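Enquirer: Under the working numbering, the first residue of the sequence shown carries the number 67, and numbering increases by one thereafter.
Simulated from the structure, these hints should not be mistaken for laboratory data. Heads up, a few of these hints could be off.
Calculated pairs, EDC-like style, for lysine to aspartate or glutamate (alpha carbon to alpha carbon, straight line, at most 20 Å) [as the list claims (entries may be wrong)]: (1) Lys-90 - Glu-357; (2) Lys-82 - Glu-357; (3) Lys-82 - Glu-117; (4) Lys-82 - Asp-265; (5) Lys-281 - Asp-157; (6) Lys-391 - Asp-272; (7) Lys-90 - Glu-115; (8) Lys-90 - Asp-265; (9) Lys-82 - Glu-94; (10) Lys-391 - Glu-289; (11) Lys-391 - Asp-288; (12) Lys-281 - Glu-255.
A quick note: this is a predicted structure, and the numbers were derived from the prediction, not measured.
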Amino acid sequence: MNVCVLSLVTVWHGIKGGMEVHGKLLTEGLARLGHGVTVVASRHPAGVEAETREGVRLRYARAGQFGSQRGAWSGECTRLVTALHREAPIDVLCCQQAVAPPSLLRFARRSRVPIVVIMEGHEGLALLSELRQAWSHRDGLGTLPRRAAGFLYHHVRWERPLLHACDRVIAVSDAISRSLRRWFGVSRERIEVVYNGVDTRRFRPDPERGTAIRKALGLGEDEVMVLFLSHVTRQKGLHVLLRALPRIRETWPLVRVVVAGVGDYLADGQALAQRLGVSSHVVFVGEVPHERAPEYLAACDVFVLPTLRQEGLPFALLEAMASEKPVLVSRIGG
67 MNVCVLSLVT VWHGIKGGME VHGKLLTEGL ARLGHGVTVV ASRHPAGVEA ETREGVRLRY
127 ARAGQFGSQR GAWSGECTRL VTALHREAPI DVLCCQQAVA PPSLLRFARR SRVPIVVIME
187 GHEGLALLSE LRQAWSHRDG LGTLPRRAAG FLYHHVRWER PLLHACDRVI AVSDAISRSL
247 RRWFGVSRER IEVVYNGVDT RRFRPDPERG TAIRKALGLG EDEVMVLFLS HVTRQKGLHV
307 LLRALPRIRE TWPLVRVVVA GVGDYLADGQ ALAQRLGVSS HVVFVGEVPH ERAPEYLAAC
367 DVFVLPTLRQ EGLPFALLEA MASEKPVLVS RIGG
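Model the full assembly from the supplied sequences, consistent with the hints where possible.
Expert: Okay, here's the thing in structure tokens:
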């Protein structure tokens, strides 16, 4: 089978979030099964236009902004897919999120190419997350007009047309399936729930590697390591964990929070730890490559994801569970 996958941002761009890792596992797995797999993605920051990795062909847009659907993406995406179809007929077009422009939907309909969309979430859920943050935490009010405009743009131009035109929708959790039916009127028959998965050969209990990480971080055997492993953005809720730390220490005086990740809230998080007087109990280790995530999960005593965002089914949560660690997460989303 000849499979074409549309993804704005990929691991091969240098981004290693949950959705990007999911795309890598999916496409490489299909290639190992003997399928032809080509990924069409936004412009590469290094100017690369074509390459092959682990049996997966990669085609990057020549123009447009990296990671953005605005501007040249519609034309570039349609140009690349139609050229691939002329080269070898595409059997199925798979989209990671709603990234197929109307021009490509028309091409797929004319060419009778079925479309499958994998939905980890949608803009409506992102907007609800912003509203909840503003209401509950009195934070982020200034960004609401921009978020509302972004919701209208993506909902009207991208999400609704694709979700109504595609042949199947893959929802990564039951919560996402219910949300798609409620927000877009997608029939239950057109939605397949396929839960995110992890490589249990990599994510598993590993006391030896865990001990090595604890020693490298200077943690004693009697210290309780609480791990926050995520992009450090406001919506991932690091501030919630830090504000709870003084009370946590009343029960666990030897607790140490390890923050593994970078993002636009990192400096604010460090400043908050200083203001709360808990900086000596927080270790900011910076960016941790996904390849090393199993080591940190093996080292921790508890994994925490206090997200304020309507998540689909976070890979970090599943990876912690595969590592047989207790998890403490927000009761939200999938």
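Enquirer: Each of the hints needs a verdict: does it hold here or not?
Expert: Taking the hints in turn, this is what the structure says about them:
For the hint linking Lys-90 to Glu-357, the alpha-carbon distance of about 13 Å falls within 20 Å, and the restraint holds. For the hint linking Lys-82 to Glu-357, the alpha-carbon distance of about 10 Å falls within 20 Å, and the restraint holds. Pair hint Lys-82 plus Glu-117 holds up; C-alpha atoms about 18 Å apart against a cutoff of 20 Å. Taking the CA atoms of Lys-82 and Asp-265, the gap is near 15 Å; set against the 20 Å cutoff, the hint holds.
About 51 Å separates the Cα atoms of Lys-281 and Asp-157, which puts this hinted pair outside 20 Å; it is violated. Proposed proximity of Lys-391 and Asp-272 is supported: the alpha carbons are some 11 Å apart, at most 20 Å. A hinted pair counts as satisfied when its Cα atoms are at most 20 Å apart, and Lys-90 with Glu-115 qualifies at roughly 18 Å. Restraint check for Lys-90 and Asp-265: the C-alpha separation of about 12 Å stays at or below 20 Å, so the hint holds.
Taken as a hint, the Lys-82 and Glu-94 pair is honoured in the structure, with Cα atoms around 15 Å apart against an allowance of 20 Å. As the CA atoms of Lys-391 and Glu-289 are separated by approximately 16 Å, the hinted pair is consistent with the 20 Å bound. Distance check on the hinted pair: Lys-391 and Asp-288 sit about 17 Å apart at the alpha-carbon level, within 20 Å; holds. Distance restraint check for Lys-281 and Glu-255: the Cα-Cα separation of roughly 52 Å exceeds the 20 Å cut-off, and the hinted pair is therefore not satisfied.
Taken one by one, the earlier hints fail for this structure at numbers 5 and 12, listed in ascending order.
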